[in-house]
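Spelled out from the first residue to the last, the chains are:
Number of protein chains: 2
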Amino acid sequence: MRPLMLIPLLALTAAAPKAPTTPSEIVAAAPENAWATIPADELLVMDLQKGGRVVIQLAPAFAPVHVANIQALARAHWWDKASIYRVQDNYVVQWGKNESKDPLPAAVVAKPPAEYWRSTQGLWVHPLGYPDAYEPSAGFAQGWPVGIDSKDGTANLVHCYGYVGVGRDLAPDTGTGGELYAVIGHAPRHLDRNIAVVGRVISGIESMSSLPRGTEALGFYKERSQDVPIASVQLASDMPAAGRPSYQVMDTTSPAFAAYVKARANRKDDFFIRPAGGVDLCNAPVPIRPTPAD
Amino acid sequence: MRPLMLIPLLALTAAAPKAPTTPSEIVAAAPENAWATIPADELLVMDLQKGGRVVIQLAPAFAPVHVANIQALARAHWWDKASIYRVQDNYVVQWGKNESKDPLPAAVVAKPPAEYWRSTQGLWVHPLGYPDAYEPSAGFAQGWPVGIDSKDGTANLVHCYGYVGVGRDLAPDTGTGGELYAVIGHAPRHLDRNIAVVGRVISGIESMSSLPRGTEALGFYKERSQDVPIASVQLASDMPAAGRPSYQVMDTTSPAFAAYVKARANRKDDFFIRPAGGVDLCNAPVPIRPTPAD
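Chains as they are written, first to last, in the numbering used here: chain G, 1 to 294; chain L, 1 to 294.
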């Protein structure tokens, strides 16, 4: 029996002479000007003590105060020796210094505003083109998936797989950015517009998603000995330039991106019998790649 | 700092005197007649050699030939000493006897029909009530989430988190049921109507979703020594009646279920600032519970 391949997320076929038709072919063929390098101070690099590096792209266009807090916390080495203390199946992994009494670094805004959505002004939106169950419409802006309410002119960053948000208590202004979570299951879109989404894991999510699930309520680890220690969290901009991680994100206003979304909605890979003719916002992840060597 | 709770999937508050308003309160308050016990021969019980039990509910109403194959394979102990050999992050866990030359049990249909959708005739549909990106409409029928195309009168079982499908090769009739996969990420709805969905994991998904990710293409494990051995797979009906697993599923035509879906779309738990006013098909999982003791 041959290995049953199911659907490759990344097609493995070598470049063929024909025009690119699958999502991965379109991404591979996208011209240089369809890519933008992510600024080094918008990359948060988390190294786990037992090995495993998680790289998070921050989203200052959507949650500027929270992102500035996270940058300040990283610069102050806030998370060095912090830990992952919650892993809830089909939901989130959460880390930080839960119940810590350490004073916050001076640059951190203790009660940031509720940056759960923003004005669409200044956003250049590529519409998804298919219905959304949560917002009047959906699309992509500045390289990110967004829910859009054109009646009130607002857009929100959404909770897709791998997206990172700021844990908070019941009051909206209780999340400084010190406790973060990443989605490891079906997109919990009901959290959209209720929490500050601050970025997305662009590399290494498997170091978190494969952790043992916590057995306490909400997936908290029962014993502190189960916590997964974090060695360090730093901004790429604070690492030596040689060898630090660097990534590029596809320009969501580019023709290549429009072709990619269309192909995600109409899969023509050999495996498919009946293309869906639609795609949901979280099933058309914005392409990211390591910055190519010069 | 108090533990940041984020959103409880199951509320922890004790039963209050007020009417149930959160999804979990509604489920807890549902009357006995809103629940149906799953027949024991529709429960597939997989025990991993290193510990961990996964219980799968089969869906004969949607893929009768494939489900009959799976029942025959279980009765023939097909998967005893089989293994999990593929774990692809945000996609699927896959198991079986990949590349095995063992002859199929006589009762197994070697080339089953493409049971990827069915007629809506005989289905009692509760509409989701919110838009779907993949099908003209979405809802629930016979206790399962379905995509619905009322133009051609068909419905398909969908790939939500934890749902189980039959691996196949490129030709549609190449999946016997011997190689199965379960979704461990954002719902890959583009697979709907392209593969036979045969059931869902109703207990123990964390034994599969927390496994190390495979490093080969498509998440296959590189070395056979990485494969995760399966001790046995059996139908609950073939286990001693005392102590075998038993579960109940909520009747998706019941008033309790309608109230539950509405509450999932309009979360009023204390945490929420702005209920979504919508929910997607895979974020309103059909409630399942262990059968209560008499």
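The hints are simulated quantities; they were obtained by calculation from the structure and are not laboratory data.
Where a beta carbon is used, it is the ideal one built from N, C-alpha and C, also for glycine.
Careful: at least some of the hints might be erroneous.
Subject to a maximum C-alpha distance of 27 angstroms in a straight line, what follows is the list of computed DSS-like cross-link-like pairs (lysine-lysine) [what the hints assert, rightly or not]:
#1 L/K151 x G/K268
#2 G/K268 x L/K18
#3 L/K18 x G/K151
#4 L/K268 x G/K111
Label-pair restraints from in silico Cβ distances [to be verified]:
#5 L/G122 x G/D270: 31 to 37 angstroms
#6 L/A40 x G/D169: 40 to 46 angstroms
#7 G/P229 x L/S225: 41 to 47 angstroms
Far from chain L, by Cβ distances over 10 angstroms, these chain G residues were calculated [as the list claims (entries may be wrong)]:
#8 D41
#9 A68
#10 K81
#11 P113
#12 R189
#13 H190
#14 I205
#15 K222
#16 A242
#17 P292
#18 D294
Do the alpha carbons of G/K268 and L/K18 lie within 27 angstroms of each other, as the hint requires? violated, 53 angstroms
Hey, does G/P113 actually stay past 10 angstroms from chain L on C-beta? Per Cβ check, G/P113 is outside 10 angstroms of chain L; nearest 13 angstroms; holds.
Using the Cβ atoms, figure out if G/P229 sits within 41 to 47 angstroms of L/S225. violated, 28 angstroms
Whether G/K222 stays farther than 10 angstroms from all C-beta atoms of chain L, as the label says: holds, 13 angstroms
Quick check for students: does the CB of G/H190 sit more than 10 angstroms from each CB in chain L? violated, 5 angstroms
Nearest-CB test (10 angstroms) between chain L and G/D41: Consistent with the label, G/D41 stays out of reach of chain L, its closest Cβ about 26 angstroms off (over 10 angstroms).
Is the straight-line distance between the alpha-carbon of L/K18 and that of G/K151 27 angstroms or less? violated, 35 angstroms
Non-interface claim for G/D294, where every Cβ of chain L lies beyond 10 angstroms: Answer for G/D294: holds, closest chain L Cβ roughly 28 angstroms.
Quick check for students: does the CB of G/K81 sit more than 10 angstroms from each CB in chain L? Fine: 16 angstroms to the nearest Cβ keeps G/K81 off the interface.
Run the distance test for L/K151 versus G/K268: straight-line Cα separation, threshold 27 angstroms. Cα-Cα ~23 angstroms, so holds.
A range of 40 to 46 angstroms was offered for this pair. Does it hold for the Cβ distance of L/A40 and G/D169? holds, 45 angstroms
Can the restraint linking L/K268 and G/K111 be considered satisfied, given a maximum Cα separation of 27 angstroms? Holds, because 24 angstroms separates the two Cα atoms, which is no more than 27 angstroms.
Hints 2, 3, 7, 12, 13, 14 from the earlier list are contradicted by this structure; the remaining hints agree with it.
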